[in-house]
Amino acid sequence: MSTATAPILRIENIHKSFGETRVLTGISLTVQPQEVVVLVGPSGSGKSTLLRCINLLSPPDSGRIWLEEQEITAPGVNPDKVRQRIGMVFQDFNLFNHLTALGNVMIGLTKVRKMSKKEAHDLAMFELERVGLVDRAHHYPAQLSGGQKQRVAIARALGMDPHMMLFDEPTSALDPELTGEVLEVMQQLAREGMTMIVVSHEMGFARQVASRVVFMEGGVVVEEGTPTQMFEQPVHERTRVFLRKIADMDSGGR
Amino acid sequence: MEAFVQLLNNVLPSLLQGVGVTLQIAAVSLLLGMAIGLPVGVGRVYGPRWLQRALAAYITLFQGTPLLIQLFLVYYGLPDLGLTLGRMEAAFLTLGLNSGAYQAEYLRGALQSVGEGQMTAARAIGMSKWLAVRSIILPQALRLVLPAWSNEAIAMLKYTAVVFLIAVPDLMGQAKILSSRYFAPIPIYMIVAVFYIVLVGATYLLLRQLERKLHIPGLTGETH
Numbered sequence: 001m002s003t004a005t006a007p008i009l010r011i012e013n014i015h016k017s018f019g020e021t022r023v024l025t026g027i028s029l030t031v032q033p034q035e036v037v038v039l040v041g042p043s044g045s046g047k048s049t050l051l052r053c054i055n056l057l058s059p060p061d062s063g064r065i066w067l068e069e070q071e072i073t074a075p076g077v078n079p080d081k082v083r084q085r086i087g088m089v090f091q092d093f094n095l096f097n098h099l100t101a102l103g104n105v106m107i108g109l110t111k112v113r114k115m116s117k118k119e120a121h122d123l124a125m126f127e128l129e130r131v132g133l134v135d136r137a138h139h140y141p142a143q144l145s146g147g148q149k150q151r152v153a154i155a156r157a158l159g160m161d162p163h164m165m166l167f168d169e170p171t172s173a174l175d176p177e178l179t180g181e182v183l184e185v186m187q188q189l190a191r192e193g194m195t196m197i198v199v200s201h202e203m204g205f206a207r208q209v210a211s212r213v214v215f216m217e218g219g220v221v222v223e224e225g226t227p228t229q230m231f232e233q234p235v236h237e238r239t240r241v242f243l244r245k246i247a248d249m250d251s252g253g254r
Numbered sequence: 255m256e257a258f259v260q261l262l263n264n265v266l267p268s269l270l271q272g273v274g275v276t277l278q279i280a281a282v283s284l285l286l287g288m289a290i291g292l293p294v295g296v297g298r299v300y301g302p303r304w305l306q307r308a309l310a311a312y313i314t315l316f317q318g319t320p321l322l323i324q325l326f327l328v329y330y331g332l333p334d335l336g337l338t339l340g341r342m343e344a345a346f347l348t349l350g351l352n353s354g355a356y357q358a359e360y361l362r363g364a365l366q367s368v369g370e371g372q373m374t375a376a377r378a379i380g381m382s383k384w385l386a387v388r389s390i391i392l393p394q395a396l397r398l399v400l401p402a403w404s405n406e407a408i409a410m411l412k413y414t415a416v417v418f419l420i421a422v423p424d425l426m427g428q429a430k431i432l433s434s435r436y437f438a439p440i441p442i443y444m445i446v447a448v449f450y451i452v453l454v455g456a457t458y459l460l461l462r463q464l465e466r467k468l469h470i471p472g473l474t475g476e477t478h
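Chains A and B, in that order, are what the protein sequence lines are.
With our numbering as the guide, the letters of the first sequence map in order to residues 1 to 254.
With our numbering as the guide, the letters of the second sequence map in order to residues 255 to 478.
Take these hints with a grain of salt, some might be off.
Which stretches of chain B does chain A cover? Using the computed rule of at least three CB atoms under 8 Å from a CB of chain A, they are [stated by the list, open to error]:
1. 266-272
2. 377-389
3. 467-474
FYI, nobody ran anything at the bench for these hints, they're computed from the structure.
Predicted model, so just to flag it, every value in this text is computed and none were measured.
Note that CB positions come from ideal geometry on N, CA and C, so glycine has one too.
Please work from the sequences and hints to get the whole structure.
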């Protein structure tokens, strides 16, 4: 195998259980810089858990993870430092409720990146502009729509200058008419070359933006390939059945 | 009526002195209670298991026994252990420890109601657990705890009345002295009751003002 580009992320044989429940049972995955990987699979297949393992919010029980050649599962690695390099966006936004949109983006800049107020303010406004929300800068989360909240959450993650981004079902909690504005921002990010791992059942997004679609079930990767391969000639029966089910849901207009 | 006005004139100076003492005890005890309750509440939720247990024991001790017994043990009992406190110091310490237990429990409830997602999001941008508690969780929890804390402040104003039993000349203590001096307990206790109501009412209005000032849409309830 050529080593022309080093992978930005390499996951090797990860296991994760919660009590008796074995959620991840030997996951391996390699992501190249600027790749957009869309993770699909039935609920409970371990997609969200995998994302939380990657940024060490819930560290794997066994297995190893390398981020830009550094093994982040090695003992002595400071997980706070690792998380600064990996942005994360959640299904239910998790904006800080006591801060305005601007405050949400600024707080990581001042408290974690130790910027001055002025620097942080300017960068935060720049990030809000990237997601098209400068005019909402002084609104509190409760005063924003779901789509706006998620765009603020993306701006907050971008402010930390992450080397890659994880999206955990970013549009699942949104009304259908609000998903578009979030997907557009994500598409823009992908065009700018951001490495992304996206858990999502937005098949339109996967077709247009994904470099690779990964199908997970029962805590392992069943199959992966380009969107065309995966949607048109999947190797595994289970992949085919699952993707068809989702496609039907999509065209059903929900 | 004339007799009542005459009585009022006679007792007013002493009662006002009593108000000063009552306010002083309430304020110092509340602040001491806050200084204790804040770390205890945070430790109850985010501390290691052994610390949570130790703090729970402190809270149970002070919530589970009568305030009066606590006061007597501090004032009459501690000298046996070589720690003799003045009346005021004993009042501050007892009420402060007692209020600290209650304030810690109120804060614990508020901390827990902030929601797991806030902590997760804070950790996800690289904050340490304690930085997240300081800059994300506490600012929300302290706003959420304010209504309960207002009740504690009001309750404290009235609880201070027990200190007359160790001969502190607070509002209640003055009432006791004056009612025997003038042989008019009923009118004097009525006057004192009015004093307490005014103090409580003023405290209530002041704290509502503070709640309004710190209100954040969607986080704290509607203020009227």
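Exercise. What are the numbers of the hints the structure violates, in ascending order?
Worked result: Violated: hint 1 alone.
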